[in-house]
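Residues per chain are reported as follows:
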Amino acid sequence: MTAMRTFEGLDRCSVRTMIELQDLTKRFDGFTAVDGVTLSVRPGEILALLGPNGAGKTTTVRMLGGILAPTAGRAVVDGRDVVREPQEVRRRVGLLTEHPGLYLRMRGDDYLHFFGRMMGLSAEVCRTRAASLLRQFGMAEAAERRMGTYSKGMRQKMALARAMLHDPPVLLLDEPTSAMDPHSAKLVRDAITGLRHHQRAIVICTHNLAVAEALADRIAIIQRGRIIAEGTLRELRARILGPPLMELRLGHAVDGTAELIADLVEIEARGEDWLRYATSDPEMVNPQLLRSLAQRDVRVVTLSRVPRSLEEVYLRAVRGIGEERMRVVDGRVVTES
Amino acid sequence: MVWALMEREIRDTLRDWRMVIPILILTLLFPLLMSFVADMALGWVAKYGAPIVGERMMPFLLLVVGFFPISFSLVIALETFVGEKERNSLEPLLATPLSDTQLYLGKTLAAMIPPLLAAYLGITVYIAGLYVFEGWLPSATLLVLIVLLTTAEGLVMVSGAVVVSSQTTSVRAANLLASFIIIPVAFLMQAEALIMFWANYHVLWWILAFLIVVDVILIRMGIHIFNREFLLGREIDRLDVPYIWRTFWARMAWQRWAFGLDPDKLPGWLAWLGVVGGLYRYRLPSIVSGSWMAVATVVVALGLSAGVGLSFARWYPLPSHFLQLDQVSPEMFTELPAIDWLPSFTVWGVLANNIRALVGATLLAVFSFGALAIVLLMAPMAIIFFFVVQAANAGFDPALFFGAFVMPHGILELPAAILSTAVAVRMGAVFMSPPEGMTVGQGFLRAVADFLTLFVALVLPLLALAAVLEVHVTPAVVIWAFGR
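Order-wise, the sequence lines are chains B and V.
First residue of the first sequence? That's 1 in the working numbering, and the numbers climb one at a time after it.
First residue of the second sequence? That's 1001 in the working numbering, and the numbers climb one at a time after it.
Keep in mind that the hints were calculated from the coordinates and are not lab data.
Fair warning: there could be bad hints in the mix.
What the hints assert, rightly or not - Quick look at which bits of chain B chain V covers, simulated, 3 or more residues with Cβ under 8 Å:
{"id": "1", "region": "61 to 73"}
{"id": "2", "region": "77 to 91"}
{"id": "3", "region": "108 to 118"}
Unchecked claim - If you anchor each label on the Cβ, the simulated ranges turn out as follows:
{"id": "4", "chain 1": "V", "residue 1": "A1209", "chain 2": "B", "residue 2": "H207", "range": "53 to 61 Å"}
{"id": "5", "chain 1": "V", "residue 1": "R1011", "chain 2": "B", "residue 2": "S132", "range": "23 to 31 Å"}
{"id": "6", "chain 1": "B", "residue 1": "F31", "chain 2": "V", "residue 2": "R1011", "range": "38 to 46 Å"}
{"id": "7", "chain 1": "B", "residue 1": "E141", "chain 2": "V", "residue 2": "L1024", "range": "29 to 37 Å"}
{"id": "8", "chain 1": "V", "residue 1": "R1011", "chain 2": "B", "residue 2": "T128", "range": "19 to 27 Å"}
{"id": "9", "chain 1": "B", "residue 1": "H207", "chain 2": "V", "residue 2": "A1296", "range": "55 to 63 Å"}
{"id": "10", "chain 1": "B", "residue 1": "R105", "chain 2": "V", "residue 2": "N1200", "range": "43 to 51 Å"}
Think of the CB as a built atom: it goes at the ideal place given N, C-alpha and C, for glycine as much as any other residue.
Let's have the full structure, built from the sequences with the hints guiding it.
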C-alpha cells in the first residue's frame, strides 16, 4: 500500500489555476452536451455551476473527473491533462456523484476502507482519515452498520466522505447537500468551507441557489452546454440585473415626489408610499437625492438597497437566453434553433 | 487495487444468501448425489453385461459435477457492470485511478473465482464419494484434463458474460443475451459427453486448446471494446434505424473519377461513367488495401490447408486405380453422379454454388470472429491438394493436375474467394477489435458496406467469369492434358 499523497506544497503554492477548461466540448451521437466551455478555478476557490436539468453540468464534471473524454477542447486538473493522463486526474480529484452510489450490503467503515485502497492509501492512513471524516459528519456510530440501513442524508454524507477520503486537491461535488436535514447540511457546508481554507479547488453543481450563494466565490451559469454567465455574484448582479436597485420609503403617499427626483434618477417602480430606482453610483446619487427631498420637506422613512438574490440573477440569465429564442406562434411558445 | 476490487466483489457475492445456498447445494450435495448415482448405475449396467457404460459414465459425471457450479458464474458475471450501472454505484468506481484493464480484469476474476472454487470442491467431493463407494479414482492425466476444461469453460462463460454486461444497458438485456453464451457451451458439453463416452480423451486436449484461444479472444475483446462513456451515457437500447442507414450509406459513397478533367464540366454520360470508374479506381482499391491484414491471414491459412491436404494424402493414400485420369472424357463432366447437394455442372449452377458458399462463410464469420469463414475456404483447398498428391501417387504429374483441373477457372475464382473471405473476416473481427474511435456497431456497419461493395462490384463478376471458364474451358484443358 502506498502512503497517502499529501499533495505537499499545496498550501504554500503560488496562486495558479487548479482547474483550467478551454473550449471544452462533448458530443454524443450528434448531440452536443457541452459546447465550448471555458472556465478556471484557483486553489482555495469555490465555483458553483448552475443550470437547468440537461444543461451539461454533470457531463462537464465527468470530463473534469477523468471519467469521460472530451470531444474537443482541453481540460487540465492540477497540471494533468484529462485526455493524456486520466488516471492521474482521477487520483487528484474527489468526486461526489449525482447519486451516492453506495454498496448497500457493505458497512460504512468497510466502504471507506475499500475506496481508500482504490485511491492508493495505506491501511493506517485510510483508517485514520475514515474515522476523522465519519466523526466530522456525525456518522461514527453508524459506521459499523450496513449502508442499506442508512437514511438518504446519511448516504449522501457517506458519499461525500468517500470523495474527501484521499484529501484531493480538487473536489467536484454534485448536489452536496441534497436530501440532508438542516443540521447535516450545515455540517457539509462547514466541511466545504474548511476545504476552501486548505486551498482546495472546489466545483459545486447544484440547483440549490441558497447553497451556491452561501458558498461560492464565483458562479457559472450553464445552459444547453454553454456558459451564459460567469463571475462573482456581485458581478453577475451588475451584468445581468443592471445597476443596484434602491427603495425609498416615505412617510406619506408618493404623490408628486417622483417628479421631484426625476432629474436625478429614473423611477423603476412605485407603490403607495414607496419608489424604486436604479443607480450605478449610489454613493453619489443617494446623498444628493436625500438632500433634495429634505429641502422639500419630504419625509423619508428609509432608503435601502433592494436585495437581489441569486435566484433573480439565475432566472433572468436563463430566461433571457430562452426569450431570445422563443416566440409565440398561433398561441404556442415555440423555440427557435 | 485489482486485488482489493476482486476481494470486495467476492465478499459482496458471498453476502447474498441467494447465491451462497445454491452454490453450497451444487458443491456439496449434488456431487455426493452423483457419486451415489454413478455407483448405482455401475451395478445396474453390469447386471446386463455392459460394464463399459458405467465405466465411461464416471469420468463424464466428473465433468458434469464441475460444470454445474460454474454455471453460476454466468449469473454473477452478467450483472457485474450493468448491475452496478443500474444501482448507480458504477460511477464512483470509474472515478478511481483504476485503468480500464484493471477494472475489467478485477471484475472478471471476481465473477470467476467463487464458482470455480466451488467447482473444484465439487469435483473433490465427487471423487471422494466414488472412492468410498467404488474404490474408483481417475487417472492423474484425466483429472488434470477435467480441472483444466472446467476452468477454461468457466472462463469462457465469465469472459463472454462480462463482455455482454459491459455492452448492455440493463440486466434484463444482459440476461437475454446470455443465451448466446449458454447455447454454444451446452452444445460443447454434449460434444464432450460424446467424446468421453467414446473414451477419445486426447480430443479433449484439442478442445481445451480451442477454449483457451476463445478465452484469450474474449478477454482481449472485452478490454478493447470496454467504453466508460457507453457505460455511463447510454440509458436505453434502441434501434436507431435512420442512424444505421446513414452510417451505412455514408460508407457506401465514393469519389467520382473525373478522368483528369474538370469535374464540374463533365457531360452527363461521362459523369455517370466517372461514378462507375471511381468505384474501381478509388473505392475498391481502398477496401482491398484496408483489408491487407485479413487477406494475408487468409492466404497463410490457405497455405496451411494445402499442407493439411498433402499430409492427409500421405496418411490415407487412395488405391492407384481410384484416379483414372487417362480415362477422362467430356461426358464425365456432364454426367456427374446424381447427388442432390452437388450443383449441376452449368454456369449458373457453379456460380450459384460459389455465391452460396461465400455468403454462408460471411454469415458464419459474424458469429465466429471471422474464424469459420477461413475454415470454410480452407476445406476445399485441403481437398484439392489431397487429390494433387493422390494424382502423383497414381503416376500423374501433380503440377499438370493442378494446372489443368484448377488454374483455368481458379485464376479468377481463387482471388475472388480470398478477397470475399478477407472482408468477411474483417466483419467478424470487428467484434473483437473495432477500428480506432468507433464503436462495435459503427465498425460492423462499415465492414458490411465494404463487403457488399466488394462482393457486388468485384467478386460477383469474377465468379461469373470463373463459372464460364470452369464449365467451358477447364474440361477442355483437362481432356487435352489427360484424356482420350
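Item to check | Violations among the numbered hints | outcome: The structure breaks none of the hints.
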